[in-house]
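A.B. asks: Protein chains in written order, with the working numbering: chain A, 264 to 583; chain B, 264 to 583.
For the record, the hints were derived by calculation from the structure and aren't laboratory data.
Zero decoy hints are in this set.
One copy or two, it doesn't matter: identical chains are merged, so the pair holds either way.
Cut-off 30 angstroms, straight-line C-alpha distance, at most; resulting in silico cross-link-like pairs (BS3-like, lysine-lysine):
#1 Lys491 with Lys578
#2 Lys551 with Lys491
#3 Lys462 with Lys551
#4 Lys349 with Lys578
#5 Lys578 with Lys525
#6 Lys518 with Lys578
#7 Lys518 with Lys491
#8 Lys518 with Lys551
#9 Lys349 with Lys462
There are 2 protein chains.
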Amino acid sequence: MVLLNNSQSDRSYAILGTGALGGFYGARLQQAGAEVHFLLRSDYQHVRQHGLTIDSVQGNFKLPQVHAYASVEQMPPCDVIVVALKTTQNYLLPQLLPPLVSETSTVLVLQNGLGVEAEAAQIVGAEKVIGGLCFLCSNKIAPGHIHHLDYGAIALGHYSDDNQPCGITRQMSEIADDFRRANVSIDLKDDLFLARWQKLVWNIPFNGLSVVLNATTEEMMTNPAVQKLAEQIMREVQMAAEAYGRSLPDSYIQKMLDHTAKMKPYRTSMKIDYDERRPLEIEAIFGKPLNLAQQAGAQIPRIEMLYQQLQFLDKQNRSV
Amino acid sequence: MVLLNNSQSDRSYAILGTGALGGFYGARLQQAGAEVHFLLRSDYQHVRQHGLTIDSVQGNFKLPQVHAYASVEQMPPCDVIVVALKTTQNYLLPQLLPPLVSETSTVLVLQNGLGVEAEAAQIVGAEKVIGGLCFLCSNKIAPGHIHHLDYGAIALGHYSDDNQPCGITRQMSEIADDFRRANVSIDLKDDLFLARWQKLVWNIPFNGLSVVLNATTEEMMTNPAVQKLAEQIMREVQMAAEAYGRSLPDSYIQKMLDHTAKMKPYRTSMKIDYDERRPLEIEAIFGKPLNLAQQAGAQIPRIEMLYQQLQFLDKQNRSV
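Next comes chain A alone, as it looks inside the complex (with noise of 0.2 angstroms):
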C-alpha cells in the first residue's frame, strides 16, 4: 500500500493544450509526481512565471512551476502525448505531434465526437492512437486558472483504423495506472467505437439543441416538446450506432434523459463556446457521425437538421 502510494509515473506527458481540460488533467499528473510538459499559447508567459492554479470540488492545489512551452520545438519527446485541443484546432496536429513522438509513444485523444483520433493516427499509426472520453466539467476563469467544477472520469480505450474492439492494451493499462495515481478514475473499454457513439446519445441532443434554442439542459428538459425531440435525437444515435453493430440499448437512452432532467441547471460546453464566440465543435460531433451513418445507409434526418442549423449559427456568430 505505502508503495503504490508512493509510486510514480516513469512515463513524462505532454499536454497539447493547457485549457479547462488539459490544463486541469495535467495539473493532476504533475501533482502525482509525473513529469509532464505544457504546450500553452496566450498563457504562456503567465503560467511559466506563476505555475497552474486549480480550484477543484476535490481541493484546492497550486503547481507554482511548471514546464511550460510556446512551441512544440522546445519540448522533448514525450511517452503519452496528450491532445487536449478543441477538435477545431486539429488542422495544427500534422505540425504538433512529429517532434513530440518517438518510437514507444502513445497519443491520448481526449476530445468530443467521432472519428477525432483518425487524424492522430493519419500521423503517428493507429496502434500509437488512444481514445479519451472525459466526463468532466470545468472552466478556465483565467490565465493558468481552472476551476474544475464537477466531475472528471476518463473512459479509455484503444483505436483502430476499422473501429473494431481492440480489447484492453497495454498503454491503456499504463495510462490508466497513471490517472488513477493522480486521482482520476479510469474506466477502461475494450470498444472504443461503442463508447464514442454512447457518449454522443447526449452529446448530439443536448449540445446541439442548447445552442439553437440558447436553452439550458434545465429549460430543454422541463419544455414537453424540447423533452420529445432530445430523445428522437437521441433514437437516431441509436440507429446509427446500430447500423455499425453497436447496440445501445432503450434504458440507456431512458437514463441519459432521466440524469439529464435531475442535473442541476447546465450550460453545454458548445454553448459556452457560442456565447464566446468560439469555432463550435460542429465537424466532430455532429458531422463525422452523420456522415457514418448515411455511409451505412441509416437515415438521421434530425441530427442532419442539427447539423445544418449549426453551420449556420456558428457561421454568423463568428461573422458579427
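With chain A fixed as given, assemble chain B onto it according to the hints.
C.D. replies: What follows is chain B alone, placed relative to chain A:
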C-alpha cells in the same frame, strides 16, 4: 366597359381584424364603393375619428370616414364576413361570427396555414366558408395606418369538410368580382386544400427557420446548409400533400427556391411576430399540417422538429 368600371358591389363586408391585412383589403373594398364595416380593438378610437390611411406601392389613399366598431354586437349582419385575425385569435370566432352571419352570408377566411377554415365551418357550416390565401406584403405602422409594400393577390377556394375540391362556386365568383373591382388580383382555385399545401411549401421552411435561425430570407438562401435544409423541408411538405393525393411537382419546389433566392432580403411574417413578442401561428402553419401528415402515415421529421423548436422558442419568447 363603362358599366363594369362604374358598377359597385351591392354586397356588404365585415372585416374582423383591421390590421395590416384586413385593414388593407377592407380599405380597398370601400375605396371601390363597397359597404364595409371594420371591427377594431386597440385602434378603435383612432380609426373612428380619423379613418384609415394606406401608403401603397400602387398609390397612397385615405378613407377619412369608415364604419368602425369595437364589438360585433354593434355591427350589422353582412353578406361577407372576412376573418382577418391571426389564427392564434380563432378561439374568439364562436363569439364573433354568429351576430354577423345571416342565411345568405359567406365567411371568407384570409389566414395562413392549414385547416383554418374548419374553425369557421364548425360555427356556420362548410357551405358558407371560403378560404383565401393572401400574397401580400404589408405592415401596420401606426393606428389606422397601413404600409402596403408589395403584392396583394388572393387565391380563393371553397371549403369542404372532407377537403375535396369544390370547383368554382357562385360565392367565390361574387367575392372575386368585388375584389377585382377594388384592384385586388384574384385567382380562383377549384381545390382549396391543394392551394393551401402549395403555400405551405414556402411558409413552413422560411417562416420556421427565420425564427429558429434569426435570419432573413437572404441569409438563409446564401448559406448552402440552410438552402439544402429548406429544400428538404419543402420535400416533406410535398410528401404530406402526396399522402392526400395532391401532387406538388419538383419544378414547383425549384421555382419557390429560385424565387426566394432572387427576392430582396425579407423578414418573414412569423419572424416579425416573434420580434414583436406576439404569439406565433405555429398550430396553423406547423401543427395541423404535421398532424394531417401523421394521420396519413407520412413521415415528416424535419417539420416535426421545426414545430418542436418553435413551440419552445414561442414559449420562452413570451415568458421573458
